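J.: Chain residues, written in single-letter form:
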Amino acid sequence: MIRFVLILSLFVMLFACSSTPKKTTPIEILNIELKKSLSEPSHRLNVSIASFDTKQVEKKISRFRSDLLFAESNYMPVVLKDTLLRSDFWGAVRVLPETDPTAELMIQVEIIHSDAVQLSLLVQVLDSRGFVWLDKNYTDSSLDHAYFPKKLGDEDPFQDLYNEIANDINLVRKTLVEKELNSILDMSMLRYAIALSPEAFNSFLDTDANSRLYLTSLPARNDPMYKRVKNIRESEYRFIDIMDSQYQKFYGMMQNSYPYWREYSFELMVYNDKLKEKGSLGKRPSSGTWGAMENVYKTYKEYKLNEDELRELGNSLSTEIEPTIAELDGHVFELTGSLASQYKEWRALLKRIYQSETQ
Amino acid sequence: MINKILTLCLFASMLFSCAGVEQAPKLEVDFPVVNFSGHWEIDHELTESPRDKIRWLYEVAKSQIEQQQRRQHQGGSIGPNLQNLSAINDLRAVVGLGTLAESISRANVLVIEQSDDAIVVKREGDYALSCDFTESEVRLHNLGNEYCHFGRNGQVVFLVALPEGLTVVNRMVLSADGRRLNVATTLISSDLDQQFTLNRVYMRFEAGRDMYDCKFTLKDKKTCWLGQ
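Those protein sequences? They're chains A and B, same order as listed.
Using our numbering, the first residue of the first sequence is number 502, and each one after it goes up by one.
Using our numbering, the first residue of the second sequence is number 35, and each one after it goes up by one.
Bound conformation, chain B alone (with noise of 0.2 Å):
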């Protein structure tokens, strides 16, 4: 599926020419209705287990070749054929974006900032998804294409492309009552069908209290403090 959609988007890309940045086409805007930000914990109850989900694929895809493979033994077919080749890959390429998956999203806290135009989320121990809502909404720079979107539905998006053929995107979306958030990690890879999607639920907490906070400063770099 990734495959075609990228040949049909290689072809219409030769139809534009490449002007640059200052020519990024100006897509139209949505303004966030649903408020993110706060501070929020993981809550390992309702999150995915990278691990565990791995082993469901695995065994879910291993299945699928044996029932393969029985059918072509009763149909007479001896030996390796494509399909099952194929089948072997994609259980590769499974484990080894869940492998990647779990490498790269592993912050228990996060902190988000948002504003009418603007929103920042700080995670523990990575970088910051930052997502400004009045520019274009495709970053276009040199080292990874970002693009980012508050979408009708109330869900944040955050994309980035690679060099190697990796895209990864972060999709945030809050429970109708507001006490949890749902950050899906999809991994995808641009020559292979498969992806790979880790769910990590967070929920809300007062800063503060019973846990420490942090304020940046020229003179004293991060401090951080006991709450009350």
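Looking at chain A on its own, in the form it has when it is part of the complex (with noise of 0.2 Å):
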């Protein structure tokens, strides 16, 4: 009993000086823009988005919290791509399971917080030549929107991060000329071509002296090791487009919880917050019905049912992945594991058929 009380009064005492979400200055609603015209540059950039990084963030949360962060890092870069798809400025737009240095533009991201509240990213943004478009940290506060329950899954309670993000990575698109856009093009297909083949192409690309890549010249149009190499890129593209459907799959699953899941984590910490600005957080008062400690844990019990669901999805996509059947010359391949460990048997099974049919 002793040892019951002494726990308590330390929860109570902790329970004082728990932090509840900061108060975020929301942001203005920021629309996406769209592409207005036909005249606009016919140049679209294919745009490969990396399943985001979550390193620093696993340092400071829970083994459970981290299961459930594994699925957010698959979710979030379609809730991107499909923002980035919206604008209609560019090419295919591919969620990978990890980075791609040979695509045209490459965005890959951190979560550096995420909860119901507030979400944090840092965004770096790379074409093929290596050029960074953007290294930036979005904030966004889901108080600027309500969670309505008959909307949940319709908008992502921070689509304006990802409206600002998409908007600006645009701006930076607007300033390119022609010859640049053929460049990031050339410079992507020509780094595929040297990681398949480091000897046949490595004389066409070369460092400055701020170490940026740039073209020596390109290969003939009708060099058929080249041709192959393009070949093979088509298939990988094909690949991805399946992966990439995978990566569909799950967000179209995770709608069934994670959106619950963040209403009641946001009627939560909207609570507690609410009670903190009344300097009554550490007295955790009470309304004195029974109804309200009934409704509140039912909010509590929700919210937990989704985290478990959540997690169970999570541990899914890297253990449980179906096997992804692939077609490459007649072949038919058949690939097992998590995405990511796909992506990188393919790419393997890709370099080793470009290598024999070269020999």
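For the record, the hints were derived by calculation from the structure and aren't laboratory data.
Here the structure is a predicted model, which is why all the values come from computation and not from measurement.
Careful, some of the hints might be misleading.
Simulated restraints on C-beta separations [claimed, not checked]:
| id | chain 1 | residue 1 | chain 2 | residue 2 | range |
| --- | --- | --- | --- | --- | --- |
| 1 | B | S83 | A | L623 | 54 to 62 Å |
| 2 | A | R587 | B | R238 | 52 to 60 Å |
| 3 | B | D151 | A | E656 | 37 to 45 Å |
In the DSS-like style, the derived pairs of lysine-lysine whose C-alpha atoms are separated by at most 30 Å in a straight line are [to be verified]:
| id | chain 1 | residue 1 | chain 2 | residue 2 |
| --- | --- | --- | --- | --- |
| 4 | A | K731 | A | K750 |
| 5 | A | K802 | A | K561 |
| 6 | A | K852 | A | K728 |
| 7 | A | K561 | B | K156 |
| 8 | B | K156 | A | K802 |
| 9 | A | K561 | A | K637 |
| 10 | A | K675 | A | K637 |
| 11 | A | K560 | A | K845 |
| 12 | A | K731 | A | K845 |
| 13 | B | K156 | A | K560 |
| 14 | A | K799 | A | K561 |
| 15 | A | K556 | A | K802 |
| 16 | A | K845 | A | K637 |
| 17 | A | K750 | A | K852 |
| 18 | A | K731 | A | K852 |
| 19 | B | K87 | A | K802 |
| 20 | A | K845 | A | K556 |
| 21 | A | K799 | B | K156 |
| 22 | B | K156 | A | K556 |
| 23 | A | K560 | A | K750 |
| 24 | A | K845 | A | K728 |
| 25 | A | K560 | A | K802 |
| 26 | B | K156 | A | K750 |
| 27 | B | K87 | A | K799 |
We put the CB at the ideal spot given by N, CA and C, even for glycine.
Fit chain to chain and form the complex, with the hints in mind.
T.: If you want it as structure tokens, here you go:
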């Protein structure tokens, strides 16, 4: 009993000191800029978004929250992808398990903070030339969005943040002239060729005094090796499209629980925030009705039940993803394991095929 | 009693700077010595009936009130006094907590997964209780502050303090022969002297045998099948 009393004392003490969400000033709601006319540049760059990185934030959370974070790290890239596609400025936008330096435009994001009230992301955008388009921290509060149950899943509560990222990337794109856009396309293909066969293509690329890559020349259009590289790359794109659909499927499945989990979290966090504002969080006052207690317990239970489901979903994505069946030159390959390992396996397979065909 | 603890704690909390999650004190961690792993189903014979318990507590409290009233009557005091009102309030509190306890502890099957450093108690129709023994014992967040602990006496304690002053404690202890598991669910209200505990006893069963088993996959979501 004494131990229990001590535990309870410590607990209540810590409750008083717990950090409720920091009051953030809601930023104005941002609309995404949409392509307005057909006279916009025709060079639509393909965009790759890597599954979001969680290393930093993982250090601060429990292992159980970490499983959930893994699910979020595969959910959020799809929200960003959909946002970019809606703007209509881009070619194919794909989600990948890891970064790809040969991508025309690569978006890599680290989750700095994620809860129902605040989302903070560190976003880096690089093109195939190695030019950094963006390296910026984005933070958004969901306080300017209500969590309406009927609208859950329709619009992300942090859509502002994704719109801001999309608009910022597009701002950089607008500054590029046609020559630069062509250079990004060429460099992307050449870097892919180098990844497959460095000895054949390394000489087409060099670095300047600032360690930036530049093209010395390009392989001839009818170069059979280069044509082969292009074919291999098409195969890779087809494979990535299959993986991308896995992410899309995962996103769809998370819609059954994630919006609700966030809504319940939001409700409880805002509730505690209000208590703190009143200076009474330490006392955790009761409104005096059993109904209120029952309601708060129900909210907590729903939040935890959704958390359990999300954790199972996250685990499934990392371990039990269904095998990918891919076709290449009339051969059918079945790849198993996580998406990241399937991606690695496929790339290794393509490299082996290329090497065997060009020897 | 709880009110006194809360007052003391509130005072103590003022002495600390509220610096947030990072500065949560690290407590000494006891490592598990009892293994709860396995499948457990309710043992109705040994499990307390919440309604019976509420009725029993009600009768005890009612009898105490009647005794008090008789004494007052014999002493010449007329009409309700403060002691009586307090007793009636306590009675209401017990019934209220008991009713809430009944609604929140209904799992008939538990599946417990335990490793050297963590335990997850999956409860049928309810959220899972989880504890990472390697991390700071008090898991603070903004929703409901959670605490869990594996005591040297072989008990696992899960505690959550929620808004509205509600604290829910689940205490698990294994019988000496390892065949029965007692889960004591205690509800505490921050502004009431009363608390209510409900004991539910579980017995081991072999998963898959004459029962169903379930697996969760991305492709099929939850799939269940009958055992051999």
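J.: Please go over all the hints and tell whether each is borne out by the structure.
T.: Hint check:
1. At roughly 55 Å, the beta carbons of S83 (chain B) and L623 (chain A) sit within the given window of 54 to 62 Å.
2. At about 54 Å, the CB distance of R587 (chain A) to R238 (chain B) agrees with the hint of 52 to 60 Å.
3. The hinted window of 37 to 45 Å between D151 (chain B) and E656 (chain A) holds, with their beta carbons roughly 40 Å apart.
4. Straight-line distance between C-alpha atoms of K731 (chain A) and K750 (chain A) comes to about 29 Å, which keeps the hinted pair within the 30 Å bound.
5. A threshold of 30 Å between alpha carbons decides the hint, and for K802 (chain A) with K561 (chain A) the separation of about 24 Å falls inside it, so the pair holds.
6. Taking the CA atoms of K852 (chain A) and K728 (chain A), the gap is near 15 Å; set against the 30 Å cutoff, the hint holds.
7. Taking the CA atoms of K561 (chain A) and K156 (chain B), the gap is about 25 Å. The hint holds against a cut of 30 Å.
8. For the hint pairing K156 (chain B) with K802 (chain A), the CA-to-CA distance comes to about 13 Å; that is within 30 Å, so the pair holds.
9. Between K561 (chain A) and K637 (chain A) the CA atoms are separated by roughly 21 Å; this keeps the pair inside 30 Å, and the hint holds.
10. For the suggested pair K675 (chain A) and K637 (chain A), the alpha carbons sit about 18 Å apart, so the restraint of at most 30 Å is met.
11. Our distance criterion of 30 Å between C-alpha atoms is met by K560 (chain A) and K845 (chain A), whose separation comes to about 26 Å.
12. Our distance criterion of 30 Å between C-alpha atoms is met by K731 (chain A) and K845 (chain A), whose separation comes to about 19 Å.
13. For the suggested pair K156 (chain B) and K560 (chain A), the alpha carbons sit about 26 Å apart, so the restraint of at most 30 Å is met.
14. Restraint check for K799 (chain A) and K561 (chain A): satisfied, since their Cα atoms lie roughly 27 Å apart, inside the 30 Å limit.
15. Taken as a hint, the K556 (chain A) and K802 (chain A) pair is honoured in the structure, with Cα atoms around 29 Å apart against an allowance of 30 Å.
16. Note on K845 (chain A) and K637 (chain A): the hinted pairing holds, with a Cα-Cα distance of about 29 Å set against a maximum of 30 Å.
17. With a C-alpha separation of about 28 Å, the suggested pairing of K750 (chain A) with K852 (chain A) holds against the 30 Å cut-off.
18. Pair hint K731 (chain A) plus K852 (chain A) holds up; C-alpha atoms about 13 Å apart against a cutoff of 30 Å.
19. Taken as a hint, the K87 (chain B) and K802 (chain A) pair is honoured in the structure, with Cα atoms around 24 Å apart against an allowance of 30 Å.
20. At roughly 20 Å between alpha-carbon atoms, K845 (chain A) and K556 (chain A) fall within 30 Å of each other, so this suggested pair holds.
21. Proximity of K799 (chain A) to K156 (chain B) is assessed by CA-CA distance (about 18 Å); at most 30 Å being required, the pair is judged to hold.
22. For a cut-off of 30 Å, the pair hint linking K156 (chain B) to K556 (chain A) stands: about 28 Å separates their Cα positions.
23. Only pairs whose Cα atoms come within 30 Å are accepted, and K560 (chain A) paired with K750 (chain A) is accepted, the gap being roughly 29 Å.
24. Straight-line distance between C-alpha atoms of K845 (chain A) and K728 (chain A) comes to about 23 Å, which keeps the hinted pair within the 30 Å bound.
25. With a C-alpha separation of about 26 Å, the suggested pairing of K560 (chain A) with K802 (chain A) holds against the 30 Å cut-off.
26. At most 30 Å may separate the alpha-carbon atoms for a hinted pair to count; K156 (chain B) and K750 (chain A) meet this at roughly 26 Å.
27. Between the alpha carbons of K87 (chain B) and K799 (chain A) the distance comes to roughly 23 Å, so the proposed pair stays at or under 30 Å and holds.
Checked against the numbered hints above, the structure violates none of them.
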